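Chains as they are written, first to last, in this note's numbering: chain A, 4 to 373; chain B, 4 to 373; chain C, 4 to 373; chain D, 4 to 373.
Just so you know, nobody snuck in bad clues.
Which copy is meant is left open, because identical chains are indistinguishable; a pair holds if it fits in one copy or across any two.
Lysine to any residue pairs mimicking SDA-like chemistry, simulated, CA-CA at most 25 Å apart: (1) Lys156 to Gly211; (2) Lys156 to Ala353; (3) Lys311 to Leu255; (4) Lys64 to Asn338; (5) Lys324 to Leu255; (6) Lys156 to Phe210; (7) Lys64 to His271; (8) Lys64 to Ser333; (9) Lys38 to Gln142; (10) Lys156 to Asn102; (11) Lys38 to Gln10; (12) Lys341 to Leu144; (13) Lys341 to Asp146; (14) Lys156 to Lys341; (15) Lys156 to Val138; (16) Lys324 to Leu259; (17) Lys156 to Thr99; (18) Lys311 to Ala256; (19) Lys156 to Arg105; (20) Lys38 to Lys192; (21) Lys341 to Thr309; (22) Lys31 to Leu332.
Just so you know, these hints were derived from the structure itself, not from any lab. This one's a predicted model, so the numbers in the text were calculated from it and none came from an experiment.
There are 4 protein chains.
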Amino acid sequence: MNTITQQHIQVGEIANGLPLTIPVYRIKGDGSGPKVYIQANMHGAEVQGNAVIYQLLEQLKQLSLKADITLVPYANPIGCNQKSGEFTLGRFDPITGTNWNRMYINHSGLVTEFVEQNPTLSITEITQQFRQRLVEHTQALLDGPLDRLTTGKRIALNLQRLAHEADIVLDLHTGPISAKHLYCPEYAKDSARYFDIPHVLLIPSDFGGAMDEASFCPWWNLQQAYQAIDREIPVLTEAFTVELGSQEKIDLAEALDDANSILSYLNHKQAFQDAHFMPQNITRYVCRLENYRTFYAPMSGMVEYTAKLGEHIKAGQTIAKILRMERYLSETSLNEIKLDEDAIAILHFASASVNQGTELYNFFTQVETL
Amino acid sequence: MNTITQQHIQVGEIANGLPLTIPVYRIKGDGSGPKVYIQANMHGAEVQGNAVIYQLLEQLKQLSLKADITLVPYANPIGCNQKSGEFTLGRFDPITGTNWNRMYINHSGLVTEFVEQNPTLSITEITQQFRQRLVEHTQALLDGPLDRLTTGKRIALNLQRLAHEADIVLDLHTGPISAKHLYCPEYAKDSARYFDIPHVLLIPSDFGGAMDEASFCPWWNLQQAYQAIDREIPVLTEAFTVELGSQEKIDLAEALDDANSILSYLNHKQAFQDAHFMPQNITRYVCRLENYRTFYAPMSGMVEYTAKLGEHIKAGQTIAKILRMERYLSETSLNEIKLDEDAIAILHFASASVNQGTELYNFFTQVETL
Amino acid sequence: MNTITQQHIQVGEIANGLPLTIPVYRIKGDGSGPKVYIQANMHGAEVQGNAVIYQLLEQLKQLSLKADITLVPYANPIGCNQKSGEFTLGRFDPITGTNWNRMYINHSGLVTEFVEQNPTLSITEITQQFRQRLVEHTQALLDGPLDRLTTGKRIALNLQRLAHEADIVLDLHTGPISAKHLYCPEYAKDSARYFDIPHVLLIPSDFGGAMDEASFCPWWNLQQAYQAIDREIPVLTEAFTVELGSQEKIDLAEALDDANSILSYLNHKQAFQDAHFMPQNITRYVCRLENYRTFYAPMSGMVEYTAKLGEHIKAGQTIAKILRMERYLSETSLNEIKLDEDAIAILHFASASVNQGTELYNFFTQVETL
Amino acid sequence: MNTITQQHIQVGEIANGLPLTIPVYRIKGDGSGPKVYIQANMHGAEVQGNAVIYQLLEQLKQLSLKADITLVPYANPIGCNQKSGEFTLGRFDPITGTNWNRMYINHSGLVTEFVEQNPTLSITEITQQFRQRLVEHTQALLDGPLDRLTTGKRIALNLQRLAHEADIVLDLHTGPISAKHLYCPEYAKDSARYFDIPHVLLIPSDFGGAMDEASFCPWWNLQQAYQAIDREIPVLTEAFTVELGSQEKIDLAEALDDANSILSYLNHKQAFQDAHFMPQNITRYVCRLENYRTFYAPMSGMVEYTAKLGEHIKAGQTIAKILRMERYLSETSLNEIKLDEDAIAILHFASASVNQGTELYNFFTQVETL
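Just chain A, with the same shape it has in the complex (with noise of 0.2 Å):
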């Protein structure tokens, strides 16, 4: 049995002086193999991740490990206990409206004054230090003055310190009604295929806030620049987005699943010693993110979902009943409405009443398969 530690650390206070805290896990392998480092539960109602987290821990226990692994349930103590009625309202900080996931700082900064330094040196090298320059600009972040951080930013920086540590980070997150897909670097879509995922979603290489992004941009830009002076070396981290699906539900067989999936890309990255774990032979379908079409209500009202998730729609194919009965004598009060092009559906809306414009689906578009 491996020695699985726990940690915990500190991230705020709450207005009565009560500590806000987070649970860390640590389990040790031989050092052959990747640092990993897997968070759940950022957003406050996406709870599936930290049964995903019991399912690991149980089986981690009992391999023969070549990595060192981080596991963070719990990842935002605030998210996680904010209620208003009877769900959480837990994806943005209550008092700002700021996303709990678009908090993380982008240290592609860092790069190009690092790459000048170091032009040549190698590949294990260049993962420590500039792993190390990662972890240490963000503790200076932690360290500086009390008075130049936000509620949440104090949060994601412990969570990004924690994570810079690792080669390889997934954040465990669901969508609101959904059905399971990836947010995958475009870089590392090869490795999409070791998930039991049947949908991906191709990201460049942006920032936009997210941890994914806060953990691969600047190795992506540390590859770039490197390729810029003529040397090619890979992008020396991975970074995904794990989408498990529905919110405010927790279902431990299907996180048992999960965790298998997630076992699987593990392996494949030589995490373990003589481990089964293995991909499921399943279709992968593939959209990139400037194909992922958000649909908006295009009238407001009571909404029957009908297209299923991961369903594939054809163009004209109605998606949605919407129900108005204001002015039922008046008015069409029963509303089929079609999407226009070929499409997966992938998330909708968590509420059956809509006002004009709020986000009723998400689909892929323009898929292709793995």
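Given chain A's structure and the hints, the job is docking chains B, C and D onto it.
For chains B, C and D alone, coordinates are given in the frame of chain A:
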């Protein structure tokens, strides 16, 4: 085709001066049947009743009607439109916390004087004159000084005025995540056989502020008061809260079933000529309100609800698994929560994460069949 | 210097497993004085009571104490930390809407048996033994099955158990935007002369769920029950809700004044040896609860509150101007709202925009002086 | 008396089908003056701008007008009506968290083609034709597929279309608890002398999504593009965000002062004939945006804000006292928070209780006078 008319009644004004209105649909019979009042969506997230009203209207316009029927979708224009995050926060006034379905007025105080003044009136006259008194007293409160009514009471009284005109009142609600069930006053127990609803909750004739109680309590008290002077009359009004299933969901096929269930009951009540609506041959389970057990979360955590809704639970059976990842190394992380008596699971909390003491489940216990 | 001890009592757990704790400070006298319980901030936005407890502690540690005093700031760790936008949304449970100060339990049901069993006990014995019964019954509820208590009730009962140990209970609140006022049970009217609070609201001894009522109702009922067997005893506990002013405001100088007001009352109650605290020579205005008038917004709009808090309004005087810019051309835009009777303005709504029916003002009417 | 006309423009629909409308008031001059657009209350709690528009209308109807003026109170019918507890939660879309004043569109992309096509147009023609292009492009977005626009963007674009018709745009806001201040683009610095606002924040011509930026950025970019082809034109539109003071407050006398301040600026801009409006002789302090310092709470607790708004703070001066009653015995309970540089306190947080990292104050630093 019967004629449906629509009226918009104004029930208030919001801060920027826009009026709050409610659509009221009326369809008239030949005058030989009962007067029926049906409303939906008093709680903002409980939208399915609007679909049932749609399905009712679609059929009512084609039936031979004896009854006059009034239908009110979107009964609460504030609750209906109150989002907090993705979900509808429409169970209580967001300013005061008051449950929108606890603001109706009890007019049972009118009973004593009425019976003293009218000991010998015929049943028809009692019905007509007491009904008129209920309507007038409700109207009087609405016509009183504007500074005496809360926002919610003004909405409630406008609805109650409409409801008091009827012999039959149906208030369409849903639970959070819920099996279908019916709140049925004990005296109207036999009528529960005509709805296609397998779970019947028998409530006493106490007033707690809800629409069903506001509608039937005065009539029940009237019957009691006549009995006290040795005159037996029936309770001249029936009122039910119909719990259609889960909130935040529109399902038009299910709504058609529920419309048919209501039409079956109304048919039994002589609302139609030559209509075919009949109750289904199902077992109806009955539970008295005092045995309707709320089970609060004994610990905080992330919940997998393992009891199926409508499931007959045995004492000792696991009803939920609560995952706690804060102290994985020192505590049991996965906790099986068991019930200590036989029961039927009627509804559970809408979110997968709970505080200690959050309402986890409601159960029918001490169940009998109707 | 007196010794202050601190205990943290756990009153629940939030979703991610972090414990909810409340700090309890105790300072012991020589045993010859009353037992005193003071709590603050049961409603999240009503923070000034914490500053008053700070100022009390600063002074209490230097006084010659006869009384044992227990002080509880931050009484509600959920409400205290519940922000929605910039403001604290801590007046009701965000999940259920229940007012946090309506969840206490009425133990008046213990009275009948106690008096039957103990018709001739001495006052000292009555105090001791009935108090013990109150504490035990509260503790028994806390020790009962975990699935029987809501989140809020568990917090309330933990506080109530502490309060029942005391002869004097002060629950520190504030209004929204408010003048200082005191909720005072009618039987304790004379004690109101010792607080420096110019507005006294006399409340009957009915139970509505609040801390003050939970504390004194059983004792008032006990006195009534002894009276019914022809024995006169005093009401052996006094409890007040002290409304310190406006919510969302900390003012340490004002808190010192309020601490001195409380010390004056406690000095009168023999809490100290040789202390100088004396009530100020101010006029105290008294209003019975039935005359405490809530004035709801007769129209929606944007409000300029023109009545000063504590101001003696004359019938016909303008108390607010309501601006309505939706129909500037066709309606009066600026509406003067007048009161139709003499009154003292005690508090008004916290926001400048109101729906029709929002609670605009509370007024003392039918005012007398103490 | 000038004629005022009113139009209601529909900017969306809420869930129950009721339309969201905005009142638009127009008053026409003789055609010789500028076109002016003034809106208020985009953020729900920032209501005072409606009172300023009221005071403007009251005066404008009596003046000799050269300008055409459009005034829009209640610019955001969702934010305006979104209460959460007693306060207005109208700073961001309650569903998505997006700040309502970050949803405007940047049309600077139209500049390059326009300048290429029209190198030699007269200033008047440039104004007219580029303005038309801005209006048309905004309208085109509104006329596009309904499923492409979010709720907030639809509101914003409707307002932006109106704003683009004007040479002068004023967006009336307030801070949380705030001194009056003006967001002023650097190029329009001289115009700041004509408002009676003592604090001027100079902003660069970057686009961040706000109304003022959406209004002036394309014109500033146009001026830059002509400059690049060696033609000097002025920036042909001025836009300001006017911060009137504190949110959740209506003060009609203050609104009259602010109306006069705006009339003074408009008079300077030739909006009136023979009008007497003149700026007051006050010192105007200027701060560049990069020196506008946000001071986040270095610790959580209950805050007494001791820096007065508009106060000139010296380095080392206490700006707040933070009370922490969780560990009274083991920590400093009352903490003096000091600023480390000279500054002017412009605004502070609206609540007295803060998390670590809550935005406590905003300060002008590196202040100069205008």
